[in-house]
Structures are given as C-alpha cells and as structure tokens.
Amino acid sequence: QKEVEQNSGPLSVPEGAIASLNCTYSDRGSQSFFWYRQYSGKSPELIMFIYSNGDKEDGRFTAQLNKASQYVSLLIRDSQPSDSATYLCALDNYGQNFVFGPGTRLSVLP
Amino acid sequence: DVKVTQSSRYLVKRTGEKVFLECVQDMDHENMFWYRQDPGLGLRLIYFSYDVKMKEKGDIPEGYSVSREKKERFSLILESASTNQTSMYLCASSTTGTGFVPEAFFGQGTRLTVV
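Read top to bottom, the protein sequences are chains A and B.
For the first sequence, the working numbering assigns the number 1 to the initial residue and increments by one for each residue that follows.
For the second sequence, the working numbering assigns the number 1 to the initial residue and increments by one for each residue that follows.
Check before you lean on any hint, since a few could be wrong.
[Stated by the list, open to error] Some chain B residues close to chain A (C-beta under 8 Å, calculated; not the full set): (1) Leu43; (2) Phe48; (3) Val52; (4) Gly99.
Note that these hints are calculated values from the structure, not bench results.
Glycine included, C-beta positions come from ideal geometry on N, C-alpha and C.
My request is simple: use the sequences and hints to build the entire structure.
Following this line, the structure appears as structure tokens:
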C-alpha cells in the first residue's frame, strides 16, 4: 500500500519567515505530486503540482521534488497569518486516485 | 469554476440506519472519489469510480457501498451506520483529460455523526 508521510506539526513560524513543509512517499514509481491547503472547517484546495525533479515556483510558494530520495517539500516565503492552515501532500496513484498524507498544521504567528 | 456539491453539510443519524451521501459535479469529470477525514489519519479513500456504473474499492471500503448511475453523480451508502463511521466525508472529482492538471476538486464535506 502506498504511503505518504508528513510531520503532523504544528509547525509555528513568525510572520515574514520561510515555512518549510516536508513529505516522503513509499512508492518509487510515483510520478505526480500535489500540495493542498486546507483551512479549518473547509475542503482542501490545490496550491501546487509538481512532476519533475527540481523546483517549481508560483508566487510565494516553491515546491521541490527529489525522486531519488522520494521527498517532496513546500516552501512558503514571507509567511502570512493567512497561510495558517493544514497542508496536505498527495500523490497521483497511477491515474486512478490520489493518496494523501496526514497533513502538517502550519501556524504563522503575527 | 469546477463545482462539486455534496447534498448535506451536517448529518446526524442513528446506529443501524441506512445513510445516503450524495455528490454532484458539473465539470464532466470522469473520476469521482469518496474520502473520509479523521484527525491524525488524514484523508482515506473509501471508493472511487472512473466511469458510469464502474466502482473500485479504496483503502477502507468495509461498511460502505457506492453507486454511480450518471456521470455527474456519485453516491456513498452506509448500509448500517455505526458510531465508528462518525467522520467528515469528502467527495472529489478529477479529469484524466489531456492538457489538464489531474487535480482533485473537493466538495464542501459532510460531517456525519452517528449516535
């Protein structure tokens, strides 16, 4: 069974700092990876998608993928209190469905 | 915008009742999913469907069944509700179409309490 692991947190960072969220996965054949943000009481929403080794940047967010190490990360630069949420790492299970990690709760302190 | 709509935001049911959770998507997506979300356990896949009348078991199908009679609608059925099925249920849909990011679009969730 494919697994996605994340540190549950909470991860606390001061406003303006860089938040670093990490994720490892068990299936070396996995190809596509996602970061979802979930505010308390709300549904997850996609913020980043990556399938190539290296970095992918979108505004204040950077996703990093290292397939050799089976490691995905999300960096949030200039963290804002509005970034406080749970961040879910997920992988595409060969086009059939999605496997999610348990999520890391991020708290950005004003 | 993609819209995935779940029929109820909150439900309270009694042990032993048959429970229906409905989900409708308006983007002609092929794939639909039912997850449950529990604290510390994340999202766990119950069932998914990649076409009308097709269904596949996910990681935790026991005690659940599904129905997909129309492409836009995917129903989750709790045959005989039990207290350990108290959870947040999330429906999602996605497309495998060329050129599209294969992201999952989620409904607003149904918080089910079984008493």
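Verification of the hints:
1. Leu43: holds, 4 Å
2. Phe48: Because about 5 Å separates Phe48/B from the closest Cβ in chain A, which is inside the 8 Å limit, the hint holds.
3. Val52: violated, 16 Å
4. Gly99: Check failed: Cβ of Gly99/B comes no nearer than 13 Å to chain A, outside 8 Å.
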